[in-house]
Amino acid sequence: MSLFRHLFLPHHTNNHRAKILHPSGISLAILVYIVFNLGLGLVSREHPSILGYASRIQPAEIIRLTNEKRQAGGLAALNMDSQLNQAAAGKASDMIARNYWAHVSPVGTPPWAFVTDAGYTYRYAGENLARDFSDPGGVVNAWMNSPSHRENILNPKYRDIGIAVVDGSLDGRETTLVVQMFGTRLSASAPSGRTASFSVQAAQTSSAPTPAPSPYPTPTPEIYMAAAVSQTSPPSPFDYSRYFSLGLLGVLAAVLAADILLVRKHHIVRWTSKSFAHLIFLIVLIIAVGTLLRGQIL
Numbered sequence: 508m509s510l511f512r513h514l515f516l517p518h519h520t521n522n523h524r525a526k527i528l529h530p531s532g533i534s535l536a537i538l539v540y541i542v543f544n545l546g547l548g549l550v551s552r553e554h555p556s557i558l559g560y561a562s563r564i565q566p567a568e569i570i571r572l573t574n575e576k577r578q579a580g581g582l583a584a585l586n587m588d589s590q591l592n593q594a595a596a597g598k599a600s601d602m603i604a605r606n607y608w609a610h611v612s613p614v615g616t617p618p619w620a621f622v623t624d625a626g627y628t629y630r631y632a633g634e635n636l637a638r639d640f641s642d643p644g645g646v647v648n649a650w651m652n653s654p655s656h657r658e659n660i661l662n663p664k665y666r667d668i669g670i671a672v673v674d675g676s677l678d679g680r681e682t683t684l685v686v687q688m689f690g691t692r693l694s695a696s697a698p699s700g701r702t703a704s705f706s707v708q709a710a711q712t713s714s715a716p717t718p719a720p721s722p723y724p725t726p727t728p729e730i731y732m733a734a735a736v737s738q739t740s741p742p743s744p745f746d747y748s749r750y751f752s753l754g755l756l757g758v759l760a761a762v763l764a765a766d767i768l769l770v771r772k773h774h775i776v777r778w779t780s781k782s783f784a785h786l787i788f789l790i791v792l793i794i795a796v797g798t799l800l801r802g803q804i805l
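In this note's numbering, the protein residues as written are 508 to 805.
These are computed hints drawn from the structure, not numbers from a lab. The beta carbon of each residue, even a glycine, is placed where N, CA and C say it ideally should be. No false leads were slipped in.
Here are the simulated distance ranges between beta carbons: (1) H773 / I537: 22 to 32 Å; (2) H774 / E575: 51 to 61 Å; (3) A584 / V539: 42 to 52 Å; (4) R571 / I541: 31 to 41 Å; (5) G546 / F511: 19 to 29 Å; (6) S589 / P654: 25 to 35 Å; (7) A583 / S655: 17 to 27 Å.
From just these sequences and the hints, can you work out the full model?
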């Protein structure tokens, strides 16, 4: 009890300020945070299966949730297409290989090049992207909360869907990329002679695209294309990082709150008493961490 009081409560043994709030305590907390995240990154990179990193998001579940949203809107369910799966895998692997996060690659390769290279001759096609999510529900909900991505999911012109989930490194950070491709074959929806169109976030073009002439890099990350499987996985590295960050900041905020209450209750006089300002700062940090460590869509 005396050690707990010394570390977390104002007492004469710590000059009436919790030891963890001293410069040495804050420095130790920062060091622990850095070591934890470095270790987490190393483990997830070298041994992804230990953290469930390679199988947390199941493509089949994304397709199921997507069709669930469509059917709730009175639309027909999409059919999984192996060629669109291949196109999605090619796009995801290209982003990892070329280290970019965009619909169009740094060398100008558009999304539809992957669709046509996979052998899928389309009349309509679309693409949704996501990264750094830890579960399929989070991915689909984020897309549905974005008007442009929602428009793709609920587009009545689409008949087929393909999904790829790729684990790899992007911008020096271990991540999970999710590529969702939509399409309707040219022969399935239009008479001969009509032109194809493509939409990224539901923005259609007016003419058929030309495939990029350059070859794509050989995929090296682990790729998970849609299949009728399901699997329960432990939290991903993103979850661990978020939980640890919020937990550490939460402990500091709780100690500061206790410091404020006890100092006022016992009328303790000390030279430094800016605990309230520090508490506000930590609350802001907690909100920021909870926001910044969420996944991204494009």
